[in-house]
Amino acid sequence: MKFFTIILILAFVLPLAAQDRASINGTVTDPSGAVVTGVEVTLSSPSTGLRRETTSNQRGIYEFASLPVGSYTLSMSRQGFKPLVVSNVDLLFGQVRTVDAPLTVGATAESVQVSATAEYLNRDNAEVDGVIESPQIREIPLNGRNWATLMALAPGAINSGSGSQRDIRFDGHSLDDSNFTFDGIDASGVQEQTEKAETRLSISMDAIAEFRVGTSVYTAEQGSAGGAQINVVSKTGSNEFHGTLFDYLRNSALDSPGPFDGGVVPPFRLNQFGAQLGGPVVRNKAFFFVNFEGLDQSLDQTLIGFVPNAAFRAQVLAASPVLAPIISAFPKGTVPIDSITDQISVLGHNTVREDSGMFRFDYRFSDKSTAFVRYSIDNALINNPQDALGATNTIPVIPQNLVLQFQHIFSPTTINESKFGLNRVNYHNWNYGTSPISVSSSNFSGLGDNTLDEEVGTTFSFIDNLTMVRGRHTFKFGVDVRRIRLNNSGNAIRDSSIDYASPQDFINNSADSASVLEGEGIRGNRRTFVMGFAQDEFKVTPNLTLNIGLRYELYTVAHEILNRAAVVDINGCGGFCPVGTPFYDINPNDWGPRFGFAWAPPMLHGKTVIRGGYGIYYGGNQNDDFSDPLESAVPRYGFTSSDFANLSYPLNQFITPQSALFTPKAIDRHRKDLSYQSYNLLIQQQLPGKFQLQAGYQGSVGHHLFDRYTVNLINPATGKRPLSQFSSFGFKANDANDNFNALQVSLERRFTGGFLWQTQYMWSHGIADASIGAGESVSFQDQACRACDRSSMPYDIRHTMTSNAIYQLPFGQGHRFLNQDGLASKFLGGWELSGIATARTGMPINITLKRATSALPDGNNSNQRPNLVPGVPLYAANQSITNWFNPAAFAIPAKGTWGNLGRYAARGPGYSEFDMALQKAFPIGETIKLNFRTEVFNIFNQAIYANPSGSIGSDPADPSASFGRITSVLNTGAVGTGTPRRIQFALRLDF
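Residue numbers 1 to 991, in our numbering, belong to the letters of the sequence shown in order.
Derived by calculation from the structure, the hints in this document are not laboratory data. Treat the numbers as computed from the prediction; the structure is a model and nothing was measured. Fair warning: there could be bad hints in the mix.
[Unchecked claim] Quick list of in silico lysine-lysine cross-link-like pairs, BS3-like style, CA-CA up to 25 Å:
no. : residue 1 : residue 2
1   : 672       : 732
2   : 720       : 665
3   : 920       : 826
4   : 826       : 929
5   : 732       : 665
6   : 720       : 895
7   : 607       : 690
8   : 720       : 732
9   : 285       : 368
Whenever a hint applies, use it, and build me the whole structure from the sequences.
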């Protein structure tokens, strides 16, 4: 304990290396190749006046660390050599750029002027990452202008839906394994990532300079999550005034109908508009940048559901008149499906309103001290139809983010940087149902009641950064402290549900299970992250670099500020624990070593780099995972037919002190923090035409991952539950495992000469026994056999490919052809094409069977699967969107046994999509351009289908009407990937 205390104190006093900056280094040599020491090297930024100086050391190495992104000029001089000036050294976010300098013998009065060429190879670490450059952010067509969609361009990205922040995973990780930062400050969802997915403008596209996605084997500088690191950098002002006015317009007049729209395009209108302005307050000293973007959207979308037909309604009312409020909540269908089911198709009305703003002010006190402040806010109101039965969803949400930063250069080789940040989300999620109680029954779509999820979450961050260059070593040390204040309620109002195992049970009002959850009100959860590390970037030789680091992370135990929590532990406490019992044990041993190398074999002339690395990464789970003790502090009742033979609606008759069974929620009090071991081996090759090819192996193994059990089940031998006062209840643990292996190939050409190309391909397979990381898990079929559920991950997409390109036609002034004034130059000049193409194979589908609790040995009927009939094909012979599976391939397991069909044994349809933009720039004078732009999404109007339903109902011989049916496109919304063809026009005035 004494050792741990010392380490914790050191973590607070050591600074943390910058994660949102970049650096330049290189080796200075003479004509013979020998290193030159004592060379005076000056770095300057023409746009901001930033200036730094250093001297090459005894090995001829110079370095400028912790630089903002931008374009720089390097000047080098030493007696006996001609001065060397290297201009246009463009530095990308997170880049460690090598600019070697061969000096020429001669008089100091003569100078050598060269323009830097783009750096194609990573010679400094083993990280797999993707930098989304400014031209891509500005020019790639995006349906909805959501910056998060561009994350799909990074290596290892898997887009499972509409391309929102909540749809993109990396290298087999869960959504909540990703860590988001904005200018180095936490920008993740405070409770979970969901509230960030609801908005598109929490970070406006036009406020982003560029961003970087690190997907594996990143250095010890980054952490706090086991998956990808997404780092966004805001735009800044400069010595010249620059601004933009823009408006993006869409309506349904030019759109195409989807496959379920009946040939009629649903009404739609979108107006996305804004402005930005940046420039100097005082030249070379003070700069500002301000951005505003607004969004007004309205869409009618086709929704399909399955409801009882008139005959079934009559049977229900005749047998169980008490169900009249429920059966009347089902709207009437129009298309008969089977003997009891009709299909309903309706138009649901979706509206979105967002207003987003950002302000940044930079100030340079001197060449040694700089500071900036940046604040952003998005005020959004989203209204969504939930289903064809009439349920709706309303979400008001206001995300805010603030950063204050100060940097001081003590010497050319020692730099310190301090940051304070605030990340806040005010989020309320109302679901308005049409029924007095949520109802689930085989054959029919589910009915919903009213629910409310509330969150006001704030993360306070303090970061201090230190970089020290000592000879061939660049040392980085530091600490990152995040204080999390989460006032939330996942169940703010009373919520109840009832489940019928079969249509006949519905008629007879004979329920299989039910629940009543009283509203918990707002609770206050608090938690702190303390993270520190040390790292050495060791330049062994000019062509071999080692990265050696060690990171420590401490996630303190969540607690409720007023002790309004009820901790449950079956073994340790025999039920409820005493008030004040910690939710779980702290994990003080999260040490993450990191190692990487980058080697450019001399015999390959610096055009080939071999990189590899290994690291251990930890995560603290999403904060919502620790709300269970808060929810257990209010009455929660669970009922099953095993405990109540006459279980039926209404439920009030069963809520009595003598008979009600409490249904708490519990956390494993001996849980471990999730961890991953990640490793890779890559080869980068510079190709002709300024292309770069990278190919390699990426792998990871995850342990202590999030999973869900159902506990306090009936003992088959005794017929009783271990705790008689409780029903069965949920139990969250961290004992799941997974593994991921992939071949990743990329071909890239950075934006030079008016042309950019980027292609990412991945062939992968992910396997899990319960979970794929933080926040995402599927309950086991047999609670005593987690290994029986070992299968492909739910988002195991075997092949995925994404390409994007920008091409400026080489005509007109400043270009290769027609570089002159004239009519032809004006007409043919200024044209630009850009596009993005995506293709992937299908996602897994879990085939499930609805079973009565009495049919299972332990009474747990969640996520049950059927038996697979040997020799019978899984898929229909005449497969179509209404007939995907062959019901004859499945059978009901014998009573007292579990189904033998594996989890996620089936696959849905794959998809491909191509989006394109055509733009024409019209110059107005010397400094103003008017850009007219046309964007077409899903240009070939490919039908991009969602997965068919895998719920077979209660009897494969008489399957549910929805089983094997595809009833929607992948994206039923107005924007994002996976929609039918959409056309958008834009007008931008840049000056």
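Structure versus earlier hints - violations, ascending order: Of the numbered hints given earlier, the structure breaks none, since each of them holds.
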